[in-house]
Amino acid sequence: MRSNLHPYAQDNGAFLQIQNVVKDFGHGAVAVNHVSLDIRKGEIFALLGSSGCGKTTLLRMLAGFETPTSGHIVLNGQDLVSLPPYQRPINMMFQSYALFPHLSVWDNVAFGLRRDGLPREEVAERVDAMLRLVQLERYGKRKPHQLSGGQQQRVALARSLAKRPQLLLLDEPLGALDKKLREATQIELVNIIAEVGVTCVMVTHDQEEAMTMAHRIAIMSEGHILQVGAPHEVYETPATRFVADFIGNVNLMDGVLALDEPDHVLIRCMDCEHLVGHGITGTEGMAVAVAVRPEKISLSRQPLETPYNQVHGVVRDLAYFGSYTVYHLQLNSGAVLKVSATNAARHSDAMLQAGESVWAHWDETAQVVLTQ
Amino acid sequence: MQSTLKTTQRPTPMPTPKRTLGARLRSGQALVIGLPYAWLLVFFLLPFLIVMKISVSEMDVAHFQDLFTWSDGVLQLRLKLSNYLFITEDDLYFKTYLNSLKYAAITTLLCLLVGYPFSYYMARAGKALQPALVMLVMLPFWTSFLLRVYAWKGLLSEGGWVAGWLSALGVEPLLVQLGLIPAQGQLMNTPFSLVLGMVYTYLPFMVLPLFANLSKMDLRLLEAAADLGASPWSAFWRITVPLSVSGIVAGSMLVFIPCVGEFVIPELLGGPSTLMIGRVLWDEFFSNNDWPMASSVAVVMILLIIVPLAWFNQVQAKAQEGAQ
Ligand SMILES: Nc1ncnc2c1ncn2[C@@H]1O[C@H](COP(=O)(O)OP(=O)(O)OP(=O)(O)O)[C@@H](O)[C@H]1O
Ligand SMILES: [Mg+2]
Numbered sequence: 323m324r325s326n327l328h329p330y331a332q333d334n335g336a337f338l339q340i341q342n343v344v345k346d347f348g349h350g351a352v353a354v355n356h357v358s359l360d361i362r363k364g365e366i367f368a369l370l371g372s373s374g375c376g377k378t379t380l381l382r383m384l385a386g387f388e389t390p391t392s393g394h395i396v397l398n399g400q401d402l403v404s405l406p407p408y409q410r411p412i413n414m415m416f417q418s419y420a421l422f423p424h425l426s427v428w429d430n431v432a433f434g435l436r437r438d439g440l441p442r443e444e445v446a447e448r449v450d451a452m453l454r455l456v457q458l459e460r461y462g463k464r465k466p467h468q469l470s471g472g473q474q475q476r477v478a479l480a481r482s483l484a485k486r487p488q489l490l491l492l493d494e495p496l497g498a499l500d501k502k503l504r505e506a507t508q509i510e511l512v513n514i515i516a517e518v519g520v521t522c523v524m525v526t527h528d529q530e531e532a533m534t535m536a537h538r539i540a541i542m543s544e545g546h547i548l549q550v551g552a553p554h555e556v557y558e559t560p561a562t563r564f565v566a567d568f569i570g571n572v573n574l575m576d577g578v579l580a581l582d583e584p585d586h587v588l589i590r591c592m593d594c595e596h597l598v599g600h601g602i603t604g605t606e607g608m609a610v611a612v613a614v615r616p617e618k619i620s621l622s623r624q625p626l627e628t629p630y631n632q633v634h635g636v637v638r639d640l641a642y643f644g645s646y647t648v649y650h651l652q653l654n655s656g657a658v659l660k661v662s663a664t665n666a667a668r669h670s671d672a673m674l675q676a677g678e679s680v681w682a683h684w685d686e687t688a689q690v691v692l693t694q
Numbered sequence: 367m368q369s370t371l372k373t374t375q376r377p378t379p380m381p382t383p384k385r386t387l388g389a390r391l392r393s394g395q396a397l398v399i400g401l402p403y404a405w406l407l408v409f410f411l412l413p414f415l416i417v418m419k420i421s422v423s424e425m426d427v428a429h430f431q432d433l434f435t436w437s438d439g440v441l442q443l444r445l446k447l448s449n450y451l452f453i454t455e456d457d458l459y460f461k462t463y464l465n466s467l468k469y470a471a472i473t474t475l476l477c478l479l480v481g482y483p484f485s486y487y488m489a490r491a492g493k494a495l496q497p498a499l500v501m502l503v504m505l506p507f508w509t510s511f512l513l514r515v516y517a518w519k520g521l522l523s524e525g526g527w528v529a530g531w532l533s534a535l536g537v538e539p540l541l542v543q544l545g546l547i548p549a550q551g552q553l554m555n556t557p558f559s560l561v562l563g564m565v566y567t568y569l570p571f572m573v574l575p576l577f578a579n580l581s582k583m584d585l586r587l588l589e590a591a592a593d594l595g596a597s598p599w600s601a602f603w604r605i606t607v608p609l610s611v612s613g614i615v616a617g618s619m620l621v622f623i624p625c626v627g628e629f630v631i632p633e634l635l636g637g638p639s640t641l642m643i644g645r646v647l648w649d650e651f652f653s654n655n656d657w658p659m660a661s662s663v664a665v666v667m668i669l670l671i672i673v674p675l676a677w678f679n680q681v682q683a684k685a686q687e688g689a690q
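Protein chains in written order, with the working numbering: chain A, 323 to 694; chain B, 367 to 690.
There could be a bad hint or two in this list.
What the hints assert, rightly or not - Have a look at the derived ranges for each label pair, beta carbon to beta carbon:
(1) B:447 <-> A:418: 39 to 49 Å
(2) B:498 <-> A:441: 47 to 57 Å
(3) B:597 <-> A:618: 52 to 62 Å
Unchecked claim - Only pairs whose alpha carbons sit at most 25 Å apart, straight line, appear in this in silico DMTMM-like list of lysine to aspartate or glutamate:
(4) B:582 <-> A:639
(5) A:465 <-> B:589
(6) B:582 <-> A:627
(7) A:501 <-> A:583
(8) A:463 <-> B:589
(9) A:501 <-> A:450
(10) B:519 <-> B:649
(11) A:660 <-> A:639
(12) B:419 <-> B:649
(13) A:502 <-> A:544
(14) A:463 <-> B:633
(15) B:582 <-> A:494
(16) A:660 <-> A:606
(17) B:684 <-> A:617
(18) B:493 <-> A:595
(19) B:468 <-> B:584
(20) B:493 <-> A:388
(21) A:618 <-> A:595
(22) A:465 <-> B:584
(23) B:461 <-> B:426
In short, the hints are calculated from the structure, not lab data.
Built from N, CA and C at the ideal position, the CB exists for glycine as well.
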């Protein structure tokens, strides 16, 4: 079937190499299970996965707060595993920010620089520069509890960047912010990281955050890495049913490979036959699933003149979101198909009503065939 | 339009003059706060004012003269300050005050030195173990404090276990050098036995507030410090200690204040060189029967305690501001 070569396998010159890392907490709790990742210099890399999949544990191993049960972590050619956290050229921005409550904003940012024994003038210069970068010049004298959540987050960022680390770790960097502030801050954060030019590994369970911020995303589940790729790659070409389902919304239709011709295959599902072109091959009769994203499906009241990639259904539910509407169609087999349609016109007559009988169809290229 | 007008004009029902929940809560709050304050007023402030009055009164044979006298349209206020003057003149008082402050300070410092690591490891011990450890700290309270201090007499006197161990360990020459005991083999009724007894008795009062403080600490702050390049030792001094200042202050006050006026321990374990102000008070009241003098000594002692207390409170308020 589809070539499943991971993109990073071709990568040379990785800046951070995570090699076969395992973390076993004992009594069967393997939080991180044989994870290997290569991270390039200057990229923002996101670890994305549901709660408890081991993201934080992996990040804490990079920072040095947990020791891997086995495996290597190599940063810029140096094996980190034996180094204690305070000797690693890595800084972390904590999920809860972990700002020192008894120190002022300025002293918080200066903390790491002072530990390095930098001369006083240089500390002052760099702290001021950091505070300017995060636009908090006027807040230096305040204590952390006198700041808003968003300002605390920026202090935490300034503090973790002040030492100019080779690697910046972000654990749910925007977890404590509300949705609006979060969206504004995502872009701001990316801009600051880009300005500093630091390599960055971030952990999040918010896929939109991962998509907007990261250059590449690793999808984790139960301690394993399932797929690594650019946001559009994992979204448009998910490797497994889990990834397809985890990232965004998807319709998964189970079927069997009915016909394998040189330039196309035919997959027979309960409600329709799928014609898939792009270089796919397999043995006839094998069980597969076809994934189609809701926004790639169009609706019409009349069927198109094609026997493939088209189903008939009845609108069961519709949810109006303003810019788009999500329809739930009940297909003849009883399965439900999610379709989202952009509301391009106001007061459109074309707006379907619940109970209407419609045809849903999609492009041949909109389909992703999954074997696992 | 009309219908809405009508509804707005409908007379709203008057709220019944029942007390709201908030008001009731507030009166409950006043009661809860008021009771202990009333207690302190009746059993501390009032007696203290009486003591203050006595300290400036002249004494007839049997009773104190009034401070205010009224005769021929003249209101006279007679304050006898000679007792206070006497305190400043006779250096016995000055020395014993100093002695009391000195031993209280030494005790506080030693309690802190012993109690801080103790509380630290208690707070970092497994959550399952902590209740048992707290229990062990409080266990001595199950026996009367008087009995326990008496027990030290036996342990420290010649032939006592602790005396035996100390000489076996060869600690005694060091104690002699430090001036804590006059000669080898004389542990009882020395500064050493006094401080030992006071540290022993007051240690739990240092440990418990420190433990409460340290076990609340957010350990992620230590990770953050390590992440920023602070070694464990440096993180301890720059993060843990500053954040536990309020615990240190609370524990120190709980040890220092009662130690200044301590009477029983110096009586039982102290000696001629460790005269403390509690003893002087006792003598003035019950041996000399000079109540005005005794009262002046007491007033000065309270002032001596209140000054550091006020200072401590200020430090604590500052620390609190930072921590929360
Ligand atoms: N110190 C520990 N001892 C034992 N098990 C642990 C420990 N820390 C984490 N785990 C387990 O390891 C697994 C992964 O935990 P981790 O904190 O890495 O999850 P996560 O992906 O960050 O989840 P979340 O999104 O909820 O933060 C969980 O099942 C957790 O219970
Ligand atoms: Mg986590």
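For each hint, the structure was consulted:
Between residue 447 of chain B and residue 418 of chain A, the C-beta spacing of about 60 Å breaks the proposed range 39 to 49 Å. The beta-carbon spacing between residue 498 of chain B and residue 441 of chain A, approximately 50 Å, falls within the hinted interval of 47 to 57 Å. Between residue 597 of chain B and residue 618 of chain A, the C-beta spacing of about 55 Å keeps the proposed range 52 to 62 Å intact. Pair hint residue 582 of chain B plus residue 639 of chain A does not hold up; C-alpha atoms about 51 Å apart against a cutoff of 25 Å.
With a C-alpha separation of about 20 Å, the suggested pair residue 465 of chain A and residue 589 of chain B falls inside the 25 Å cut-off, and the hint holds. For the proposed pair residue 582 of chain B and residue 627 of chain A, the alpha carbon gap of about 71 Å is over 25 Å, so the pair is violated. In summary, the hint linking residue 501 of chain A to residue 583 of chain A is not supported, as the alpha carbons are separated by about 49 Å, beyond the 25 Å threshold. Of the pairs offered as hints, the one joining residue 463 of chain A and residue 589 of chain B holds, with about 24 Å between alpha carbons and a cut-off of 25 Å not exceeded.
Among the hinted pairs, residue 501 of chain A with residue 450 of chain A is inconsistent with the structure: their alpha-carbon atoms are about 29 Å apart, more than 25 Å. With a CA separation close to 23 Å, the supplied pair residue 519 of chain B and residue 649 of chain B stays within the 25 Å bound. For the given pair, residue 660 of chain A sits about 10 Å from residue 639 of chain A by alpha-carbon distance, which is consistent with the 25 Å threshold. For the proposed pair residue 419 of chain B and residue 649 of chain B, the alpha carbon gap of about 20 Å is at most 25 Å, so the pair holds.
For the hint linking residue 502 of chain A to residue 544 of chain A, the alpha-carbon distance of about 31 Å lies beyond 25 Å, and the restraint is violated. Between residue 463 of chain A and residue 633 of chain B the alpha-carbon distance is near 52 Å, which puts this suggested pair outside the 25 Å criterion. For the hint linking residue 582 of chain B to residue 494 of chain A, the alpha-carbon distance of about 24 Å falls within 25 Å, and the restraint holds. Pair hint residue 660 of chain A plus residue 606 of chain A does not hold up; C-alpha atoms about 28 Å apart against a cutoff of 25 Å.
For the hint linking residue 684 of chain B to residue 617 of chain A, the alpha-carbon distance of about 58 Å lies beyond 25 Å, and the restraint is violated. Straight-line distance between C-alpha atoms of residue 493 of chain B and residue 595 of chain A comes to about 60 Å, which puts the hinted pair past the 25 Å bound. Distance restraint check for residue 468 of chain B and residue 584 of chain B: the Cα-Cα separation of roughly 36 Å exceeds the 25 Å cut-off, and the hinted pair is therefore not satisfied. Taking the CA atoms of residue 493 of chain B and residue 388 of chain A, the gap is about 20 Å. The hint holds against a cut of 25 Å.
Under the criterion of a C-alpha separation no larger than 25 Å, the hint pairing residue 618 of chain A with residue 595 of chain A is consistent with the structure, at around 17 Å. Distance check on the hinted pair: residue 465 of chain A and residue 584 of chain B sit about 17 Å apart at the alpha-carbon level, within 25 Å; holds. Restraint check for residue 461 of chain B and residue 426 of chain B: the C-alpha separation of about 30 Å exceeds 25 Å, so the hint is violated.
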